[in-house]
Structures are given as C-alpha cells and as structure tokens.
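Visitor: All chains should be built: construct the whole structure from the sequences, respecting the hints.
For the protein sequence lines, the chains are A and B, in the order given. Note that the working numbering has the first sequence beginning at 1, numbered continuously upward. Note that the working numbering has the second sequence beginning at 1, numbered continuously upward.
Be aware that one or more of the hints could be misleading.
[As the list claims (entries may be wrong)] Short, incomplete list of chain A residues facing chain B, as computed with Cβ under 10 Å:
(1) Arg40
(2) Glu224
(3) Arg294
[Stated by the list, open to error] Facing chain B, a subset of chain A residues (Cβ under 8 Å, in silico):
(4) Pro55
(5) Lys134
(6) Val228
(7) Pro298
(8) Thr301
[Unchecked claim] Every beta carbon over 12 Å from chain A, so not counted as near; a handful from chain B, in silico:
(9) Glu11
(10) Glu54
(11) Gly93
(12) Val150
(13) Arg154
(14) Asn198
(15) Lys203
(16) Arg204
(17) Pro240
(18) Glu256
(19) Arg275
(20) Gln279
(21) Leu281
(22) Ile298
Read the hints as simulated data drawn from the structure, not as lab findings. As the structure is a prediction and not an experimental result, all values here were calculated from the model. Every residue, glycine too, gets a C-beta built ideally from N, C-alpha and C.
Chain by chain, the residues:
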Amino acid sequence: MSLTLLNVIVAVVIAIAFAAANAAYLVWAERRGAARIQRRPGPNINGPFGLLQPPLDGIKLMAKQLLIPGGADKVLFIAAPVLAMFPAIMSFVTIPFSDSIVAKNMNVGILMIFAFASMGGMSLLFAGWSSRNKYAMMSSVRAVSQAVAYEIPMLITTITVVMIAGSMDLMEIVHQQSASILHWNIFPLLGNSHNILMPFSFLIFFTCTLAETNRAPFDLGEAESELVAGFHTEYGSMGFGLFFMGEYANIVIGSCMTVILFLGGWSCPFGLFPGVWWFLLKLYLLIATFIWIRWTFPRTTIYGLLNLSWKILIPLSLFNLLFTAGLIKVF
Amino acid sequence: MSSPIQLQPDETFILNVGPQHPATHGVLRVKMEMNGEYIVDAETVIGYIHRMHEKMGEVKTYPQYLMNLSRMDYLGAMGYSHGHVLVVEKAAGIEVPERAEYIRAIMVELNRVASHLFWFGAFVMDLGGFSPLMYALQDREYILDMMEAVTGSRLTYCYFRFGGLYNDIDDDFISAARRFIPRMRKSLKKYHKLVTGNIIFHKRLEGIAPLTKEMCRKYGASSAVARGSGINFDVRKNEPYSVYPEFDFDVPVYHECDSLARYNVRMEEMEQSLRIIEQGLDKLPDGPIMPKKKPKLIKPPAGDYYQAVETARGSFGIRLVSDGTKTPYRLKLRSPTYSNMHLFDEACRGMMIMDALAFMGSLDLVIPEIDR
Numbered sequence: 001m002s003l004t005l006l007n008v009i010v011a012v013v014i015a016i017a018f019a020a021a022n023a024a025y026l027v028w029a030e031r032r033g034a035a036r037i038q039r040r041p042g043p044n045i046n047g048p049f050g051l052l053q054p055p056l057d058g059i060k061l062m063a064k065q066l067l068i069p070g071g072a073d074k075v076l077f078i079a080a081p082v083l084a085m086f087p088a089i090m091s092f093v094t095i096p097f098s099d100s101i102v103a104k105n106m107n108v109g110i111l112m113i114f115a116f117a118s119m120g121g122m123s124l125l126f127a128g129w130s131s132r133n134k135y136a137m138m139s140s141v142r143a144v145s146q147a148v149a150y151e152i153p154m155l156i157t158t159i160t161v162v163m164i165a166g167s168m169d170l171m172e173i174v175h176q177q178s179a180s181i182l183h184w185n186i187f188p189l190l191g192n193s194h195n196i197l198m199p200f201s202f203l204i205f206f207t208c209t210l211a212e213t214n215r216a217p218f219d220l221g222e223a224e225s226e227l228v229a230g231f232h233t234e235y236g237s238m239g240f241g242l243f244f245m246g247e248y249a250n251i252v253i254g255s256c257m258t259v260i261l262f263l264g265g266w267s268c269p270f271g272l273f274p275g276v277w278w279f280l281l282k283l284y285l286l287i288a289t290f291i292w293i294r295w296t297f298p299r300t301t302i303y304g305l306l307n308l309s310w311k312i313l314i315p316l317s318l319f320n321l322l323f324t325a326g327l328i329k330v331f
Numbered sequence: 001m002s003s004p005i006q007l008q009p010d011e012t013f014i015l016n017v018g019p020q021h022p023a024t025h026g027v028l029r030v031k032m033e034m035n036g037e038y039i040v041d042a043e044t045v046i047g048y049i050h051r052m053h054e055k056m057g058e059v060k061t062y063p064q065y066l067m068n069l070s071r072m073d074y075l076g077a078m079g080y081s082h083g084h085v086l087v088v089e090k091a092a093g094i095e096v097p098e099r100a101e102y103i104r105a106i107m108v109e110l111n112r113v114a115s116h117l118f119w120f121g122a123f124v125m126d127l128g129g130f131s132p133l134m135y136a137l138q139d140r141e142y143i144l145d146m147m148e149a150v151t152g153s154r155l156t157y158c159y160f161r162f163g164g165l166y167n168d169i170d171d172d173f174i175s176a177a178r179r180f181i182p183r184m185r186k187s188l189k190k191y192h193k194l195v196t197g198n199i200i201f202h203k204r205l206e207g208i209a210p211l212t213k214e215m216c217r218k219y220g221a222s223s224a225v226a227r228g229s230g231i232n233f234d235v236r237k238n239e240p241y242s243v244y245p246e247f248d249f250d251v252p253v254y255h256e257c258d259s260l261a262r263y264n265v266r267m268e269e270m271e272q273s274l275r276i277i278e279q280g281l282d283k284l285p286d287g288p289i290m291p292k293k294k295p296k297l298i299k300p301p302a303g304d305y306y307q308a309v310e311t312a313r314g315s316f317g318i319r320l321v322s323d324g325t326k327t328p329y330r331l332k333l334r335s336p337t338y339s340n341m342h343l344f345d346e347a348c349r350g351m352m353i354m355d356a357l358a359f360m361g362s363l364d365l366v367i368p369e370i371d372r
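Guide: Rendered as structure tokens:
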C-alpha cells in the first residue's frame with residue numbers, strides 16, 4: 001500500500017519535472033526557432049545559446065505581484081491557471097515513453113488523457129469569465145467553442161485507431177506497430193490497418209491537435225491583434241506563466257499522442273535499437289513542425305475555424321470510422 | 001465570409017478598442033457597439049495625438065515650418081515635405097533646378113517603398129502572421145540606411161528646401177539605389193510566395209469589407225483604398241507635378257473593392273515606384289541642387305495657393321493662404337488618412353471584429369497623420 005503510494009508520488013513528481021522542463025525549454029526553442037525563421041538572433045545573451053533565459057524568465061515572473069483586477073471572481077481567477085497546468089501534468093503519468101519508462105500504465109490510457117484534455121477548455125472559460133474583461137470573455141467563448149468543435153473529430157479519429165488496435169492501452173497500441181516502419185498506423189498497407197485512409201486520419205488528428213492546443217493558425221483564443229491577449233489579458237506574474245507553460249505542456253501531450261497513435265511510439269523505423277530516444281526524436285520533430293507552422297501562417301477566422309471542423313473534419317472522420325469498421329469486418 | 005445576421009440592437013455591449021490596442025497601430029480609439037462578435041455600430045474617436053500642426057503653420061515662418069511636415073506621417077515623411085515645398089515655391093515663384101526635382105522624386109518614391117513595406121508587415125501581423133514583418137523591415141532598413149547617408153535622418157526627414165535640397169546625392173547613394181532595385185524585386189517575389197499565395201490569407205481578405213465606388217467618393221478616399229475600388233485616381237497622373245510626367249509608370253487599379261484588392265494595389269505600387277526610381281537614376285541630370293537666385297526672406301505675395309501630391313497614404317493637399325507677410329495667414333493640410341479612416345465607421349457595420357480589424361489594417365492608417 002505505502003509502496004504504491006510512494007510510487008505514485010514519485011511518478012507525479014517526475015511528470016511535473018518533465019512537463020515543467022519541457023515547457024520552459026520549448027519556450028526557448030520556440031523563440032530561437034522563430035528567430036531563425038525571421039532572420040534575427042533571438043535570446044542569446046543569458047548563458048550559452050541563451051539557455052539560461054527560461055529559468056530567468058521564470059524567476060522574473062515569480063518575483064512579480066499577482067494582481068487581481070477589481071470585480072474579478074477571485075476563486076476562479078486563481079483556479080484557472082492551475083487548472084490549465086494540472087491536466088497536462090496528469091496526462092504525462094500514463095504516457096509510455098518506452099517499454100519500461102511509464103509512470104502508471106492503464107488499460108484505458110487514451111480515455112484518461114482525453115478526460116484530462118477536456119478540462120483544459122474549462123480553465124480557459126474560468127479565466128475569461130472571472131477576469132471581468134470583455135476581451136477575455138470574448139476570447140474564452142471562442143476558445144470553448146473551438147475546444148468543443150475539435151474534440152469531436154479528434155475523438156472519432158482516435159476511435160478509428162482504437163478499433164484497429166483493439167485496445168485502449170497505449171502500450172498495446174505501440175507494441176502492435178513495432179515490427180517496422182510499414183507497420184505504423186499512419187501507413188495503410190502493412191500492419192494492422194489495411195486502411196488506405198490512415199494518412200488522412202493522421203492529418204485530421206494533427207490538425208485537431210493544433211486547434212486543441214490553441215496554436216497558430218488556430219490561436220483564436222489569444223488573437224493578440226484583436227483581443228489584445230485573449231483569456232489571459234488580465235493575468236500577470238506566475239498566473240500568466242502557468243497558462244504559458246500549460247500551453248506548451250499541452251503541445252507535448254498532443255505530440256506524444258500523435259507519436260503513439262500513428263508513428264509507432266518508441267519503435268525504430270528500421271527495427272534498430274528501439275527505445276526512448278526514438279520516441280523523443282519523433283516527439284521533438286513534431287513539436288518543431290508546430291513551431292514552424294506557427295511562424296509561417298496567418299491566423300484563421302473563427303467562422304473559418306468552426307466551418308473547417310463541423311463541415312469538413314467531422315464528416316471526414318466519421319466516414320473514416322465507418323470505412324475502417326467495414327474493413328475490419330471484411331478482413 | 002461572414003454571412004449577414006439579424007442583429008438585435010438591444011442585446012449589445014460597448015467595446016473600447018484603443019486608444020492603446022495592438023490593432024490600431026497608434027492612439028486611435030474605436031468605440032464599438034458589439035453584438036457578440038459582430039459590430040453593430042462603430043465610432044472612431046481621434047485627437048489623442050493632436051499637435052496643432054496647422055496652427056503652427058500660421059505662427060512659424062516658412063523655413064521654420066519645414067520640419068513640421070515630416071512629423072505628420074512618420075512612415076512616408078518625404079511625400080508631405082514635397083507637397084509643402086512645392087506649394088511655397090509656387091507661391092513665392094522660386095525656380096527649382098532640374099536635378100533637385102529628380103532627386104526629390106527618387107527620394108519620395110524610395111520613401112513610398114519603405115512605407116509600403118512597413119504597411120505590408122504590419123498588415124500581415126494584424127492577420128496573425130508575424131514573420132513577414134521581419135522580412136519587410138529588413139528591406140526597409142536598407143532604404144533607411146541609404147537615405148540616412150544623404151539626408152541625415154532615418155524617419156523624420158528635413159531634406160527638402162525651398163528651391164532645392166539640403167544635400168546632393170553621391171555615387172554611393174546611386175550605386176546603393178541601383179543595387180536595391182533588383183534586391184527589392186527579388187523580395188517582392190518572395191513576399192508573393194510567402195503571403196499572397198497563402199490560402200488562409202486569401203480566405204481572410206477575399207470579399208471582406210467591400211467598399212463601393214460611391215462610398216469612396218463620398219468620403220473622399222484616395223490611395224489604394226480608392227484604387228482598390230476601381231477609381232483610377234493618382235495625383236501623379238491626374239494632376240501631374242514635379243517631374244512625374246517624365247516617368248513611365250502605371251497606376252494599378254483593381255475592381256474587386258475588397259481588402260485583397262487594396263493589398264494587391266499596394267504591392268503593385270511598390271513595383272511601380274521601383275520603375276520610377278530606376279528611370280530617375282537613368283535620367284538624373286547634372287547641375288546644381290539649389291537655384292542661383294533665391295530670396296533671402298520668403299514672403300509670398302498675397303494669394304491663395306494649393307498643391308496636391310500623392311503620398312504613400314493617398315492624395316495629400318496643402319492649401320496656403322498668404323497675406324504677404326513672412327508667416328502664412330492660413331495653412332490647411334488635407335491629410336489622406338483622415339478621409340480613409342472615416343470610411344471605417346460605416347463600412348464595418350455588421351462585420352465580425354476580426355474582419356473589421358483586418359479591414360482597418362488594409363486602410364493603412366497612421367494616426368499622427370490623422371490628428372496632425
């Protein structure tokens with residue numbers, strides 16, 4: 001009993017450390033990457049390659065006073081940033097990074113991650129509602145409608161993969177893809193999925209991840225050119241910092257899910273040395289794509305975004321689901 | 001595109017956009033009556049950066065007022081100075097050497113390219129794409145460096161004098177300008193690849209904020225706002241001044257009336273400005289840059305004088321009423337952005353806020369120039 005409790009505590013601490021370190025250094029990577037794209041140096045003063053920038057930013061944010069605007073709902077205002085960070089950290093507990101590196105494997109891992117992901121929308125709603133700011137309110141309304149719209153195609157696509165794997169266990173899903181690169185779920189011919197629509201599923205899932213994590217070109221919640229800073233307009237100090245880190249932690253979770261569901265987890269493309277490094281390589285390549293997309297595309301509109309989900313992605317993913325179900329029945 | 005919805009005026013709230021808001025690019029305030037994300041009514045409130053330039057025109061002597069004009073529009077300052085020196089020269093009857101006029105035209109066009117480059121970056125930034133701004137600023141930096149070497153300043157130039165110029169251009173400037181033209185053409189191609197061809201960019205601008213010809217005429221709109229709505233009006237062509245009749249250039253006109261048309265007009269104007277600079281450098285005559293005979297004290301005879309010029313933001317008019325003393329009796333500045341901006345109140349009704357702010361970006365507002 002006590003051993004299990006200790007295990008859980010250690011797992012959660014490691015998950016928090018991993019999430020925080022990732023969030024901090026992804027900010028650095030994003031700033032350096034953006035600078036590279038925009039032909040400027042980026043943060044390069046503090047430490048080698050500016051590597052001390054994230055901790056210094058953290059210290060600066062922590063040293064600032066947390067201002068609560070007059071008329072704001074204090075409880076929700078303080079709860080919102082915590083709620084932004086908490087589900088992301090909890091999701092890390094069940095993600096398997098390799099055969100042996102997993103904090104707590106569950107046979108319904110996917111369900112748990114999606115349950116926590118849904119809580120992210122709530123933090124945006126709380127933040128916008130409690131700030132007593134019209135911009136924040138508009139932004140949180142946008143963010144919630146966006147979260148609802150994109151969770152549906154994301155879940156349907158995930159169900160497709162679950163049907164192919166026959167399991168909601170993330171370990172099991174990876175094991176089934178581990179034979180070679182052609183057995184990955186993204187590729188249609190070998191492996192479990194004899195489904196020629198799998199590359200499209202991958203694209204749908206990736207798009208939904210972008211939208212779910214409020215990243216450009218779907219960062220309508222933030223939309224700094226019209227809504228100033230969106231739901232975190234009134235946040236300063238570590239309240240803002242938590243939103244910021246939560247965003248990056250969510251990106252890591254989304255990319256982890258993409259790697260596990262479609263890109264074979266920790267299995268090597270050539271069958272050599274499977275291990276956590278392959279997982280991390282795929283993970284950071286995906287995150288680099290996130291950064292690349294953000295600094296290349298302008299922002300979509302809110303109606304364009306909702307139309308894309310309700311009129312294109314949901315019908316497509318539903319069709320994909322039926323098609324996969326049919327294929328499973330036939331073969 | 002947003003489909004029109006039935007707006008209920010009793011379910012609205014007031015949203016104050018500005019005076020400090022990232023999209024207004026300055027201290028413009030827009031009072032918006034909103035229904036959810038839709039704008040029911042909008043009212044632009046100006047005057048936050050009023051500096052009494054017109055009154056200063058009545059108090060200061062003519063040479064003292066030279067520097068005021070470039071403080072109006074900090075992005076395309078040369079064009080405004082050009083209008084001022086032209087109207088005073090017309091009033092006082094000062095002859096300008098040909099070389100000076102050519103250099104003036106080259107400078108104004110270079111400044112126009114710089115101004116449009118900044119607009120391009122800021123406009124795409126309004127749409128949420130940050131990177132093009134950095135590319136545009138790099139090209140603009142080249143122009144600013146080039147002009148700094150000759151004029152001594154980077155933004156608020158005081159380069160034109162009554163009758164000529166403060167400083168002659170040298171071989172360094174000419175070779176730098178010649179190098180700049182192919183470089184800029186290459187950049188323009190890059191911008192078209194990066195931005196114009198982007199599907200999100202197209203979707204956000206096509207068919208958004210249609211401005212009819214009648215509306216543009218009603219508000220006195222000029223520059224790309226009018227030319228994007230099919231009005232073929234450019235002061236350089238319609239009321240030629242300076243040495244512009246000597247140059248062969250086109251006035252881009254688009255008939256789509258939407259934000260994309262306004263974008264396209266400005267992008268093509270950059271190319272046309274490059275053509276003018278190219279021809280100006282080829283035809284540049286030798287000679288002095290200041291006239292031999294020039295009155296010590298500028299005292300135009302009593303009368304009413306007007307000069308319009310095409311600046312980066314549209315047709316800028318300057319009316320000078322002289323009573324024969326060393327200060328003007330009245331100096332009226334007709335700033336183009338003032339007219340362009342007032343379109344916004346009427347045109348943005350029924351739009352969503354993000355489209356409206358993209359539309360505002362396409363108007364190319366420079367607030368100090370509105371408030372004067």
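Visitor: If a hint holds in the structure, say so; if it doesn't, say that too.
Guide: Do the hints match the structure? See the list:
Residue-level restraint check for Arg40(A) holds (minimum Cβ-Cβ distance to chain B is 6 Å; threshold 10 Å). Hint on Glu224(A) holds. Least Cβ distance to chain B is approximately 6 Å, under the 10 Å limit. Interface restraint check for Arg294(A): the shortest CB-CB distance to chain B comes to about 9 Å, inside 10 Å, so the restraint holds. Residue-level restraint check for Pro55(A) is violated (minimum Cβ-Cβ distance to chain B is 25 Å; threshold 8 Å).
Interface restraint check: Lys134(A) against chain B, minimum CB-CB distance 5 Å, threshold 8 Å, status holds. Of the supplied interface hints, the one on Val228(A) holds, with its beta-carbon coming within about 6 Å of a beta-carbon of chain B, less than 8 Å. The interface hint given for Pro298(A) holds, since its Cβ lies 4 Å from the closest Cβ of chain B, which is under the 8 Å cut-off. With its C-beta approaching chain B no nearer than about 6 Å, Thr301(A) sits inside the 8 Å limit, and its interface hint holds.
At roughly 14 Å from the closest C-beta of chain A, the C-beta of Glu11(B) stays outside 12 Å, upholding its exclusion from the interface. No beta-carbon of chain A comes within 12 Å of the beta-carbon of Glu54(B); the shortest separation is about 32 Å. Residue-level check passed: Gly93(B) sits 50 Å from the nearest beta carbon of chain A, beyond 12 Å. For Val150(B), the requirement that its beta carbon stay farther than 12 Å from each beta carbon of chain A is met, with the minimum near 26 Å.
Listed as a non-interface residue, Arg154(B) keeps its Cβ farther than 12 Å from every Cβ of chain A; the least gap is roughly 19 Å. Not every Cβ of chain A is farther than 12 Å from the Cβ of Asn198(B); the closest lies at roughly 7 Å, contradicting the non-interface assignment. Distance check on Lys203(B): its Cβ comes as close as 6 Å (rounded) to a Cβ of chain A, failing to clear the 12 Å threshold; non-interface status is violated. For Arg204(B), the shortest C-beta to C-beta distance to chain A comes to about 6 Å, within the 12 Å cut-off, and the non-interface label is violated.
Every CB of chain A is more than 12 Å from the CB of Pro240(B) (nearest about 38 Å), matching its label as outside the interface. Listed as a non-interface residue, Glu256(B) keeps its Cβ farther than 12 Å from every Cβ of chain A; the least gap is roughly 19 Å. At roughly 27 Å, the least C-beta separation between Arg275(B) and chain A is larger than 12 Å, which holds for a residue marked as non-interface. Consistency note on Gln279(B): stated as away from chain A, and its beta-carbon is indeed over 12 Å from all of that chain's, at 31 Å minimum.
A cut-off of 12 Å between C-beta atoms confirms that Leu281(B) is not in contact with chain A; the least separation is 28 Å. A cut-off of 12 Å between C-beta atoms confirms that Ile298(B) is not in contact with chain A; the least separation is 46 Å.
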